Amino acid sequence: CIELGLVSSEGMLIDSTTVRADASDGSMVEIGLSPGQYWKSLDRKDRPKKKLSGARYTGEVDKNKMGKRRRDINRLSLRKKSKTDPDATIVYKPGMGSHLSYKAHIATDTNGIITAVSASPSVSHDIGAVPILVESHERILGTPPWVAADTKYGSEECLKYLQDKDIKTAIRPETKTSKPGYFSKNKFRYDSSRNCYICPNGKLLKRRSKNYPQNRINYSSNKKDCNLCPLKGKCISGGNFRTVSHYDSPCYDKARDWYDSGYGRVMQKLRHTVIEGVFGQAKTYHGMAKARFRG
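Here the sequence shown is numbered in the numbering used here, starting from 1 and rising by one per residue.
By construction, these hints were calculated from the structure, which means they are not laboratory data. A couple of the hints might just be wrong.
[As the list claims (entries may be wrong)] Taking CB as the label site, the calculated pair distances span:
1) 290 to 94: 18 to 26 Å
2) 191 to 263: 29 to 37 Å
3) 62 to 139: 18 to 26 Å
[Claimed, not checked] Pairs of lysine to aspartate or glutamate residues, derived as DMTMM-like cross-links and limited to a Cα-Cα distance of at most 25 Å, are as follows:
4) 152 to 3
5) 152 to 260
6) 65 to 3
Just so you know, these numbers come straight off a predicted model, no measurement behind them. All C-beta atoms in this analysis are idealised placements derived from N, C-alpha and C, irrespective of residue type, glycine included.
The whole structure should be built from the sequences, with the hints applied where relevant.
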């Protein structure tokens, strides 16, 4: 297939979808933890031990820990499990409600040929499957020059993993959304020579702290400047100062540049049409809408 040109090494597309488990919601039972055990479980879930998943991301990628620091907290999965399929986890989707499911991760070439697959609990974060998909794809077609994926793959950790392999990322980086009617981060200019941001009113936001789990540096304004500022109503929704942040690495800027490039936009269109079509066919014609087996 490769020799005949049926499989392309031009780029790699990644996405995931939930697959209903072969178990009904009626099979859910309480795990039976005592109140003390339950709250301890929540604490372990909220603050995983460093030896198990790593409490901090320091800028060095560990593919065995990817996604585990960012795992969504699903308290219901701590309290209930299915008697029919204990490995299935419950997930909520707008318009579909809650249901027991797994998560299927796939990678395709630009023609829609599946090159790698992986499965995980539905509560796991998508970036945890990226190393598996990339390495499986590499064994068949070599390292792809591009990878296209949606924003849930736009964490600094995932971007760095791909860019360390010299893979260009047609992935929109994660950003903190601003409240409607207030200045977005784009209104604040970064001055690299002074390592500070300059607000729309010309005041400085100096470096204050670092968010180690996300590897982000925080910059804050001076309260006195904000209290006297005529633009305060368009900048601060609460409190007395403004904070902006950025990743402590160049991965974010590289990803943004590649995502906004002409070829990056082409790859994004392919991701949306090609890989979504693959999932649609798999669920409609090949039984992927519901798991055939349990566990």
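Outcome of the hint check:
For the hinted restraint 18 to 26 Å between residue 290 and residue 94, the CB-CB distance of approximately 20 Å keeps it satisfied. Distance hint check for residue 191 and residue 263: the Cβ-Cβ separation is about 31 Å, which falls inside the suggested range of 29 to 37 Å. For the pair residue 62 and residue 139, the beta carbons lie near 21 Å from each other, so the given range of 18 to 26 Å is met. Between residue 152 and residue 3 the alpha-carbon distance is near 34 Å, which puts this suggested pair outside the 25 Å criterion.
Simply put, residue 152 and residue 260 have alpha-carbon atoms about 17 Å apart, close enough for the 25 Å limit, and the pair holds. Note on residue 65 and residue 3: the hinted pairing is violated, with a Cα-Cα distance of about 36 Å set against a maximum of 25 Å.
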